[in-house]
Amino acid sequence: MNLVLISLILLLGFSSYYFGRKKATIIQSSQRLTALPKFYGYYLAIWCAAPALIIFSLWSVFEPTIVKNFILADYLDQNLTKNELQLIYTKVKALALGTYTGDINNFLDNSAGKYIQIKNMANNAKIVIVLAALILSLSYAYQSIKKNNRMREPVEIFLKWVLFTASLAAVLVTIGIVFSLLFEAIRFFQSVRIFDFIFGTHWYPAKTFVRDGQPDPELMKDAFGAVPLFAGTFFIAFIAMCVAIPVGLLSGIYLAEYATRKVRKYAKPIIEILAGIPTVVYGFFAALTVGPFVKEIGNSLGLEVSSESALAAGAVMGVMIIPFISSLSDDVISAVPQNLRDGSYAMGATKSETIKKVIFPAALPGIVGSILLAVSRAVGETMIVVMASGLAANLTANPLESTSTITAQIVVILIGDQQFGDPKTQAAFALGISLFVVTLFLNVIALTVVKKYREKYE
Amino acid sequence: MTKISAKNVNVFYGSKQALFDVSLDIMDKEVTALIGPSGCGKSTFLRCLNRMNDVIDICKVEGSIKMDELELNSRKLDVVRLRENVGMVFQKPNPFPKTIYENVSYGPTIHGMAQSKSELDQIVEMSLKKAALWEEVKDRLDEIGTGLSGGQQQRLCIARAISVSPEVILMDEPCSALDPIATAQIEELIDDLKKEHTIVIVTHSMSQAARVSQKTGFFHLGKLIEFGDTEKIFKNPDNQQTQDYITGRFG
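Note that the protein sequences, when read in sequence, are chains Z and S.
Per our numbering, the very first residue in the first sequence carries number 110; after that it's consecutive.
Per our numbering, the very first residue in the second sequence carries number 263; after that it's consecutive.
The set of hints was computed from the structure by calculation and includes no laboratory data.
Since we're looking at a predicted model, the values are computed, not measured.
It is possible that some hints are incorrect.
In silico EDC-like cross-links for lysine to aspartate or glutamate, where the CA-CA straight-line distance does not exceed 16 Å [unchecked claim]:
| no. | chain 1 | residue 1 | chain 2 | residue 2 |
| --- | --- | --- | --- | --- |
| 1 | S | K400 | S | E387 |
| 2 | Z | K460 | S | D316 |
| 3 | Z | K466 | S | E364 |
| 4 | S | K391 | S | D454 |
Could you build all of it, start to finish, from the sequences and the hints given here?
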C-alpha cells in the first residue's frame with residue numbers, strides 16, 4: 110500500500126515536471142518568462158511531490174507510537190512495568206497479523222480487534238491526507254506558474270534545503286552514536302570505578318558474572334583495567350607503522366617521481382589492490398602463515414615465540430596499510446607544482462636533491478596527514494588482531510608474545526550470549542568511546558599539523 | 263665573442279616537430295631577445311640551452327648547440343654542471359616554499375660553493391644585492407619567499423639564479439606575470455646583469471625586446487625567420503613577416 114502511494118506521488122511529480130515545462134512554453138508565447146522553462150517544470154514537480162512525501166514520512170514515523178499508545182491505554186490501570194507492556198503490545202500485534210501461537214485470552218483478542226481497526230483507519234486517513242496535501246500544493250503551484258511568478262529562486266532555495274537536510278542527517282547520526290556510547294559508558298562507570306578502568310593493569314572481564322542488581326565495585330576492581338588493551342593497541346599499531354611508513358612512503362615517492370608512465374600505470378593499481386583485500390583475509394594470512402613463520406624463525410634463533418604474536422599481527426597490519434600511505438603520498442607529491450621542480454632542476458639540482466629539499470617539504474603536510482590517517486586505521490583494525498595476536502590481554506612490550514587490543518576485546522565481549530545490563534557488555538561501550546577519543550585526538554593533531562605546515566608553505 | 267652557437271637545431275615533441283633547423287649565435291655579455299607569437303618555439307629553443315627539455319619524456323632534440331666549444335646536445339654532458347653555468351628564470355615566479363635565505367642559498371649549497379656559514383651569508387647578500395632585492399628583504403631573510411609580492415618573488419628567483427654565478431641566464435617571459443612597475447625594475451636589473459652575464463630572454467613584449475636587448479631573433483611556426491641587431495630588426499627588418507609582426511599586423 111505504502112509502495113503504491115509513493116510510486117503514485119513520484120509518478121505525479123515526474124509528470125508535473127513535463128507539464129510545468131509545457132505550460133512555460135505556452136506562457137512564453139504571450140509574455141517573457143522569469144526563468145528557463147525547466148525551472149517551471151522543477152517548481153511544479155517539487156510542489157507536487159515534496160509536501161506529500163514529507164507528510165507521508167512524518168506520518169509513517171509517528172503512526173506506530175500513536176497506535177501503540179491507543180492500544181496500551183486499556184492496560185494502563187493494571188500497574189504493569191514497561192517491559193510487560195511492551196510484551197503485551199508485541200502479542201497483540203502478532204495476534205492481529207495471525208502469527209501468534211500462544212494462549213489467547215479475551216482481553217488480547219479485543220485488543221487485536223482494536224488494533225486492526227485503528228490500523229485500517231490510520232491507513233485510510235494517511236492516503237486521504239497525503240493526497241489532499243498533494244492536490245492543494247499542486248494547485249497552489251499551478252496558480253503560481255499561471256501568474257508567471259519568479260521560478261528560479263524557489264527551486265534554488267529548495268535545493269539548498271535538500272543539501273542542508275543531507276548534512277544535518279549525517280551530523281545527527283554522528284551525535285546520536287556518540288551520545289549512545291557516552292550514556293552506556295556512564296552506566297558502566299557506575300559499576301566500575303573510572304580510575305580502575307583507566308589505570309588498572311588487569312583485564313579479565315570473564316571474572317564478573319552478574320545476574321541482577323548492582324555489582325560491587327570492589328569485585329570489579331581487577332576485572333576491567335584497560336591499560337593492557339591501550340598498550341597492546343598502540344604497540345601493534347607501532348609495529349604496523351614501522352612496516353608501513355618506510356615502504357609506503359618510499360614507494361609513493363618512486364611512483365610519483367621516478368616511475369615511467371608505463372610502470373606507474375600498472376604498479377599503482379596493483380598496490381591499491383592491497384587496500385581492497387578484506388581484512389579477514391589478512392587476518393588468516395597473519396594467523397596461518399606469518400604467525401607460524403615468525404615462530405619458526407624465533408625458535409631457530411633460540412627465542413621463545415608464542416604462535417600468536419604481536420609481531421605477526423603488526424607486520425601484516427603494516428602491509429595492509431602500505432597502500433594508504435603509498436597512494437596518498439603519491440597523490441600529494443604529484444600535486445606539488447611542476448614549476449617548483451623546474452626551478453630546482455634549473456639550479457642544477459639532481460632528482461634526489463630536488464625531492465629531499467623541495468618536493469618533500471612542500472608535500473609534508475599531506476604526507477603527515479596520510480600517516481596519521483593510517484595510524485587511526487591501524488588503531489581501529491580488528492580482524493587481524495583477533496585472529497593473529499590472540500585474545501589474552503597481556504601487558505607486554507615483547508613483540509614475540511601475544512597481546513590484545515581494544516577492538517579485539519570488544520569483539521570478545523560481544524560474541525556469544527550477552528545481557529544488556531551486564532557491566533561486561535557495557536565495558537564494550539566504554540572501550541568504544543575510549544577508542545573514539547583516541548582517534549579523534551589523532552585526527553585533531555593531524556589537522557593541526559597539516560594546518561601549521563600549510564600556513565608555512567603558502 | 264660568441265658564447266653559444268646553435269646549428270640546425272630540430273626539436274620534436276613525440277611526432278610533432280616544434281623547431282625547424284634553427285641556427286643562431288648568442289654573443290657573450292649581451293642580451294639576446296627571442297620574440298614571436300605564442301607557440302612559435304622560442305621557449306622550446308630557450309629550454310634547449312640548459313637541457314630543461316630533458317624533463318619532458320617525449321621531447322627529442324637534434325642538431326648541435328655549442329657553448330664555448332662544449333657540445334650541449336650530447337648524451338655525455340654533465341647536466342648538473344651545465345645548469346650550474348646556465349641559470350634560468352621562469353615565466354611565473356616560482357620561489358621554493360622556504361625562507362628567502364634558503365631560496366638564495368639553495369644553489370650554492372647543493373653545489374658545495376660555500377665552505378662556511380659566513381661565506382654562504384656573503385653569497386646570499388651579494389646575490390640579493392645584484393637582484394636589487396637586498397634593501398627590501400634584509401631584515402626578514404627568514405620569512406617565507408612565497409610571501410613576497412609578485413615582482414619581489416621574481417627578483418628573488420633572479421637572485422636564486424645568479425647565486426651560483428652562471429655565465430648565462432635564460433629568462434622565459436620573466437615579466438609576463440608582473441605589473442608595469444615591477445617590470446621596469448626587472449628590465450633595469452637585466453641591464454645591470456649583462457655586465458657579468460650573457461642573457462637570453464624570451465618575451466611577448468616588443469617594446470621590452472627593443473628596450474633591453476642588443477640582438478633579437480624572430481620566431482614563427484618553429485622557424486627562425488630573422489635574427490640580427492635589435493635596432494635593425496625593429497627599424498628596418500629584411501623580412502616582410504618580421505615587419506608585419508613588430509608593427510602589430512599579426513601575431
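How the hints compare with the structure:
1. S:K400 / S:E387: This hinted pair holds, its Cα atoms lying about 8 Å apart.
2. Z:K460 / S:D316: holds, 12 Å
3. Z:K466 / S:E364: Holds, because 10 Å separates the two Cα atoms, which is no more than 16 Å.
4. S:K391 / S:D454: It holds: about 11 Å lies between the C-alpha atoms, which stays within 16 Å.
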